[in-house]
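Chemist: Work out the full structure, taking the sequences as your base and the hints as a guide.
As they're listed, the protein sequences go chains A and B.
The first sequence begins at 35 in our numbering and counts up one residue at a time.
The second sequence begins at 35 in our numbering and counts up one residue at a time.
Treat the hints loosely; a few may be bogus.
A pair counts as met if it fits within one copy or between any two copies, since identical chains are not told apart.
Unchecked claim - Below, a list of computed lysine to aspartate or glutamate pairs in the DMTMM-like style, where the Cα atoms sit at most 25 Å apart:
id	residue 1	residue 2
1	K127	D115
2	K127	D162
3	K127	E51
4	K95	D115
5	K95	E51
6	K95	E132
7	K95	E45
The hints are simulated quantities; they were obtained by calculation from the structure and are not laboratory data.
Number of protein chains: 2
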Amino acid sequence: MSNDASLPGAEHLQPHECWAALRGVSLGRLAVWADDHPDIFPVNFTVDHGTLVFRTGPGTKLAAALGEVPVAMEADGVNPDTGVAWSVVVKGKAGAIERIEDVLDTVALLLFPWEAGEKDHFIRITADSITGRRFTVAPPRTWWTPLDDAPRASAE
Amino acid sequence: MSNDASLPGAEHLQPHECWAALRGVSLGRLAVWADDHPDIFPVNFTVDHGTLVFRTGPGTKLAAALGEVPVAMEADGVNPDTGVAWSVVVKGKAGAIERIEDVLDTVALLLFPWEAGEKDHFIRITADSITGRRFTVAPPRTWWTPLDDAPRASAE
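Modeler: Here's what the structure looks like:
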């Protein structure tokens with residue numbers, strides 16, 4: 035196992051496996067550097083030809099944090115039966131989508147519902163690298179608490 | 035709404051609400067700065083008197099990334115019925131727990147199962163700040179795909 039897998043017992047994912055995993059989810063966590071600290075935002079994203087696209091509001095801290103500094107987007111998931119989890123990280127630069135035709139192309143990708151509130155900035159992350167790993171958690175229902183608490187909460 | 039809420043429509047959480055939310059979950063995403071990029075790792079953590087504690091393996095990229103540079107841990111969740119989601123970010127310094135009595139105190143907190151593999155470093159994040167927000171996603175089953183896909187996957 036190379037160091038990139040980061041954790042004992044982890045298995046590397048090939049880039050095409052990473053992209054396939056990302057295409058199967060819509061929620062990621064975006065890490066940026068802002069105010070001398072890392073910061074993290076949960077965002078909905080979509081995969082668009084080797085890039086990630088998401089929307090954000092004007093004037094937000096997230097928008098302010100996007101510049102020439104690299105960012106990282108992570109997404110993950112788990113199979114609650116097998117306990118096999120995956121995590122993929124895309125690193126790259128994030129830039130606003132400025133040209134109207136680019137925005138129009140992208141809007142079609144973003145028709146899925148979104149966090150409430152005004153969001154009229156479209157941001158694209160161009161991947162400099164994509165890495166992923168597959169690992170086992172045990173038991174998954176404990177490890178991945180939020181996933182399993184949410185359905186239970188709905189029954190209350 | 036102050037800028038800290040970051041997104042239109044978001045509502046601030048008070049610090050005690052943030053801590054309460056963190057105590058209810060065990061999975062977070064840790065953002066660090068490594069190799070001139072942000073990086074993100076999903077980790078299990080536990081709350082210990084205003085700090086967050088987690089384990090990691092020796093010699094991993096995660097361990098290497100922990101030093102004097104600040105880190106951020108984010109956790110989130112959603113009520114799939116109401117679509118009300120929350121996200122909390124703790125920022126601070128991460129340090130190894132070195133003193134054996136500190137480790138023993140902490141081990142008791144870490145009896146919940148963990149990702150498979152050897153992990154004998156205990157890391158504590160001391161919070162310099164804790165911020166949180168509550169916001170509405172619609173519909174939550176689309177927004178929070180991984181949560182809802184996982185239970186379905188189990189039926190296959």
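Chemist: Could you run down the list of hints and mark each one as holding or not?
Modeler: Verification of the supplied hints:
1. K127 <-> D115: Intra 36 Å, inter 35 Å, cutoff 25 Å: neither.
2. K127 <-> D162: within (8 Å within a copy, 28 Å between copies)
3. K127 <-> E51: Classified as within: same-chain Cα gap 22 Å, cross-chain 34 Å, threshold 25 Å.
4. K95 <-> D115: neither (38 Å within a copy, 28 Å between copies)
5. K95 <-> E51: between (32 Å within a copy, 21 Å between copies)
6. K95 <-> E132: within (19 Å within a copy, 36 Å between copies)
7. K95 <-> E45: between (35 Å within a copy, 14 Å between copies)
Going down the numbered hints, you'll see the structure goes against 1, 4, while the others check out.
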